[in-house]
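Peer 1: Line by line, the protein sequences give chains B and E.
Start counting the first sequence at 1; every next residue gets the next number (our numbering).
Start counting the second sequence at 1; every next residue gets the next number (our numbering).
No lab work stands behind these hints, which were simulated from the structure alone.
Please read these numbers as outputs of a predicted model, since none were measured by experiment.
Be aware that one or more of the hints could be misleading.
[Claimed, not checked] Listed next, the in silico PhoX-like pairs over lysine-lysine satisfying Cα-Cα at most 25 Å (straight line):
{"no.": "1", "chain 1": "B", "residue 1": "Lys159", "chain 2": "E", "residue 2": "Lys478"}
{"no.": "2", "chain 1": "E", "residue 1": "Lys38", "chain 2": "E", "residue 2": "Lys50"}
{"no.": "3", "chain 1": "E", "residue 1": "Lys322", "chain 2": "B", "residue 2": "Lys159"}
{"no.": "4", "chain 1": "B", "residue 1": "Lys159", "chain 2": "E", "residue 2": "Lys479"}
{"no.": "5", "chain 1": "B", "residue 1": "Lys54", "chain 2": "E", "residue 2": "Lys322"}
Spelled out, the chains give:
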Amino acid sequence: MNHLEELGKAIRAYDTEGAGSSAQAAMEDGVDPLEGLDVVAGVMKEIGDGFESKELWLFDLIGAADAAKAALLVIEAKVLETGSQPDHLGTVVLGTVFGDMHNIGKTMVGALLTASGFRVVDLGTNVTSAEFIQAAKDNNADIVALSALLTTTAVAQAKVIETLEEEGMRDHVKVMVGGGAITAEFAEMIGADGYRATAFEAVGLASELVGE
Amino acid sequence: MAAEGIVRNLKPLEILTEEQVERIHRGALDVLEVTGVKVESEKARKIYEKGGCIVDHDDERVRFPPGLVEQSIRQCPTSFHMKALDRKNDLILGGTTTYFALFPGLRIADLDTWEVRQPTVQENHDANKIADGLENILASPSYTPYTDMVDVPPAMLLPVSTWSRLKYFSKISRVGTTMSSHIFEIQMAQALGVDIYGAMEAPPPLSWNEDATDCAIACAEAGFPVEPGTGGSMGATHPATLAGALVIGMAEVMSGVVLVQLVNPGNPVIVNCFPPPINMRSGHPAFGSISISLFQVAWNQIWRTRYGIPIMNGGSGPSSAKKIDFQVGYEKSVGAMLSAMSGANMINHCGGLMGELSYHPALSVLDNDAVGNIKRFLEGVKVNEDTLAIDLINDTGPIPGFFLNKQHTRDWWQQEQFTPLVSDQSTYPEWLEKGKKSSLDLARERADALLESWESKLSPGQEVEIDKILDDCRAWYKKKDLI
Ligand code: B12
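Sequences are here, hints too, so could you generate the full structure?
Peer 2: Here it is in structure tokens:
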């Protein structure tokens, strides 16, 4: 089995360590990193489809996404080194907003976006607007995705959008919002580019926002 | 004086062996010693450090010597008294008494379309007034009945909710907290001279956010009881196995108890953990699952047999049903019955629907009846000379003997038999004649009647005082740019 086949197998087996090490081995062997990205995307699409058709469970999706993330870390470093142009759909900086510790929905959105070919930078929960902005800059993000389960922390989201504006980044960074507390009206009120009610729909929205 | 509550006259339901209890308990102590918990607040970490925990401030990690944990829990009172606005609703938490409380819902369910919408503040007041009149409901968590309300700025939702409860619900209430709202909620209770208990709700796994520890510290400093509680989801933020969820839930809650005891030794505590399994398709909590009851019953057994301090069950109240239908009835009642039978002292249960996302007063009326049934069951079978009725049976003999005409029946009927208030007990002809009403129709009628007859227990001066504290809170958030 070559290293890329091993990589595919590791992701299918939710083997984070194996995915990282086979990606590493492939890169050391001089495999084109773009080919590596294709393998990850292909397997993740398969897993995402399996989840959507209810053959697979949420733990399969999250397990595979974690393994994919470990591989992507290695492969993307190589991409940067070689200066090649990866054809992932776009980079999404994702997190639960400041003051809010709810974790589950946000993690699902991240896994499904990864499964659909987005590069996802997951900042975790309780993320300040400064952290969102810094990560968006560092990763040249196309989208900032905000998850919020509490209406009480709504201002935190408006603040991220304001700060993006102040920093002159609002033209090229789209903002999508979701989470239990958010409604389409609320999203509009704070000037977000889009809202969706489920993690599946979040993927469609992200594709729309990057113009796919 | 205290509310009657439910006094359990049965052996508590137990599902674990002593050895299993021991292994779970030891597992929790082990996790606290080896891994510990993440504590966001520096203030809380310093309290832990001073109290003898091993603290790594860079990593925000607090590790616990097992002896300190056990000693802290032993310091908690095995029972405590809480003073309500209407003193006949005071509670004595602990021992073999169980009280039922409301369960929150984000929005109001429409009884015709079953869709949800944001309630008005007035609807929130009304739902409180209705619950105030329900005899088997004696307390309420925070952000209850509704969490979301029309025209309330987001930052004000929790304080408005507590203000509304203190005004229109004369029973025991909980402080909720986001963005330090507990400061004002505590002041409101103090202004009324009532007890309120603090929510110390952890974001699992093994973590305490600043709001949670701040609220616990402030309540303990004020001498108010604290409810360390964690809301994990089995399979997501807690392990998928029941034993694993118990170990981590115990560890989380024990670490909360330690903080409270370090702040104020002997402060009353009530321990809560309510992890539903995750729905492995949608990611939403699968409220109403029977595994929650397995968890709660085991939880109650461990705390009762190891420490005997007051226990809360927050997991058996919610159901995943969207309608007030068969599913909501069985999910909630089975869960509540098992929680009560296994020794929970407070059960958050009434009125909530759709897994915390909706609420309706008519459901609180129905749940109140279900609690009446549970109450009667827990009171058990009274066996004495008079209830055995041997002389009466011998005197009455076979047919044409009859008990309907006996004084004994008149003496004992109301004590021995529970008559539900709104369940449909009519005969078929009565039912036809009265318009084929369901129990939900009857519950709506009772809700309307309770609303109509509600009377305030506040003096006008008290009302002005808590209105002013709410204004202070609003001004404070404005100044902080949060409104
Ligand atoms: C579990 C839970 C907790 C756990 C969280 C554990 C954890 N580590 O995640 C704990 C116990 C810690 C908790 C704490 C609190 N909670 Co809470 N919690 C819940 C609960 C029961 C489930 C949330 C959940 O996980 N849902 C499942 C996931 C899958 O759904 P989701 O996040 O909405 O995500 C889906 C979509 O929204 C979408 N999505 C998510 N993110 C994004 C992002 C984008 C960009 C897009 C497009 C889509 C998208 O995709 C997901 C899948 O389809 C809800 C009630 C409920 N039934 O929903 C209350 C709830 C969210 N909590 C609530 C409250 C009030 C609190 C507290 C303030 C309580 C308190 N202590 O006083 C604290 C706040 C702590 C904090 N600072 O964050 C309220 C919020 C009300 C409001 N509107 O403000 C709710 C609604 C309950 C209620 N009664 O109203 N909570």
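Peer 1: State for each hint whether it applies.
Peer 2: Tested hints:
no. : hint                   : in the structure
1   : B:Lys159 with E:Lys478 : 15 Å, holds
2   : E:Lys38 with E:Lys50   : 17 Å, holds
3   : E:Lys322 with B:Lys159 : 34 Å, violated
4   : B:Lys159 with E:Lys479 : 16 Å, holds
5   : B:Lys54 with E:Lys322  : 23 Å, holds
Of the numbered hints given earlier, the model fails hint 3 alone.
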